[in-house]
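Here's the letter readout for the chains.
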Amino acid sequence: MSRLRSSVRAGADELRRLADEELMQLVARNDADAFEVILERHADAAFALAYRMCGRQAIAEDVTQEAFLAIWRGGARYDRTRASVRTWVLGIVHHRAVDALRRHDVHARRRAGDAGLEESLEASERTDLQALDNEAARELRDALEELPREQRRVIELAYFGGFTHVEIASMLEEPIGTVKGRMRLGLHKLRDHLEGWEALPA
Amino acid sequence: MNDCEHRLDAAAYVLGAIEDPESYREHLATCATCRAEVAELARVVDLLPATVAPAAASRELRGRIMASVHSEAELLRAAGERADQPPARARGSFAGSLWLPAGAAALAAGLAAALVLALSGGPSVPVRVRVASLSPSESGAHVVLVERGGRGELVVRGMRQAPAGDVFEVWIKRGAGAQPRPTDALFGVTNAGDASVSIPSDLRGVTEILVTHEPVGGSRHPTSAPLLHVAA
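Residue numbers (the working numbering), protein chains in the order written: chain X, 20 to 221; chain R, -13 to 218.
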């Protein structure tokens, strides 16, 4: 173990050349410098997701901080056979954001679940440098936009708003089966767009 | 693909919106149809974060995260260095990601004293150190659990004083769903918020250690929210 560690002691530049998966092995050995590179690579995407879900900068920052400290402390274990580090990090952020939303009032959650919340983001907080802002991400956004409104709405209320299907059914005054069916139809349509997206950067 | 009456639930499940995910997970263990549906739809849901508007994490946020990480890394290195220099000729054995690497940082004198008890179990017993997760009210503190041969010690730095009439009480949990059980470990902190607390229970089989504020004399059941928890 110390050999692995000392081999990368040469500096931050060398750490930056390592893949996320290799960095996570060092993070598991409490390497703060390796963790910092992981943070550099994923903090913007993590914050963007938390902000989209929570709608308020302070809550989104708390969620992002909680998620990254959980990763550092090893409360969440990375399994490279299951997902890319990016997907795994965002999964943890999503989970923490849902917890935060469920602690807050329904009003905030309904806003979060509504499409177009991102428009409220101050222009100065936007950045075009995000790796996510590429062709494939735009295509996926377009595919989501093109879904029938009622399908998109249940997906957004569930995933971004943190509502359960029962809550969504009562909010929309629709039968539970209808809500689940719309979720399924919408996700299947997005899945059908997936061909060719497998190369989406992790 | 065979059909299953629960297949409709897969979409709600991967979106995190199913009311009772635990029982659906039990169903998944027995149903290949639903497992395949979940795997397929999870790939879509994993990409949903890519649809959000880009936003930058502020410099302050990154700084706060790294400040905590560096403080904890220093505590861990200090404990690791001490652990790597046992008093006798045999060296501690270290294996796996949870065991500390040989430390490099200078060892703070106070921390050294705090660790002596934890390290007194003999040179060949490996030492394990874990960082505690703290409640937001204690975000300025740093706490590690030093474990050796089933005996544990909490090393506390920068905790806020307990309210007048209260002490800190240490609880242990055995098993994920178990209730916290009280220990005899009641403590206060110095003006700097420091303490070293040995845990008077064998840590074997213990899954989690918690600390709460309790009235002087301690409680049989926690009467306040945990200030910190650490996986044992």
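No wet-lab data here; the hints were simulated from the structure.
Cβ atoms here follow ideal geometry from the backbone N, Cα and C, with glycine treated the same way.
Misleading hints may appear alongside valid ones.
As the list claims (entries may be wrong) - Just a few of them, taken from the derived set where beta-carbon distance is under 7 angstroms, the chain R residues facing chain X:
1) GLU5
2) ASP32
3) ALA42
Hints versus structure:
1. GLU5: Holds - the Cβ of R/GLU5 comes within 7 angstroms of chain X, reaching about 5 angstroms at its closest.
2. ASP32: Holds, about 5 angstroms.
3. ALA42: Holds - the Cβ of R/ALA42 comes within 7 angstroms of chain X, reaching about 5 angstroms at its closest.
Of the hints listed earlier, there is not a single one the structure fails to meet.
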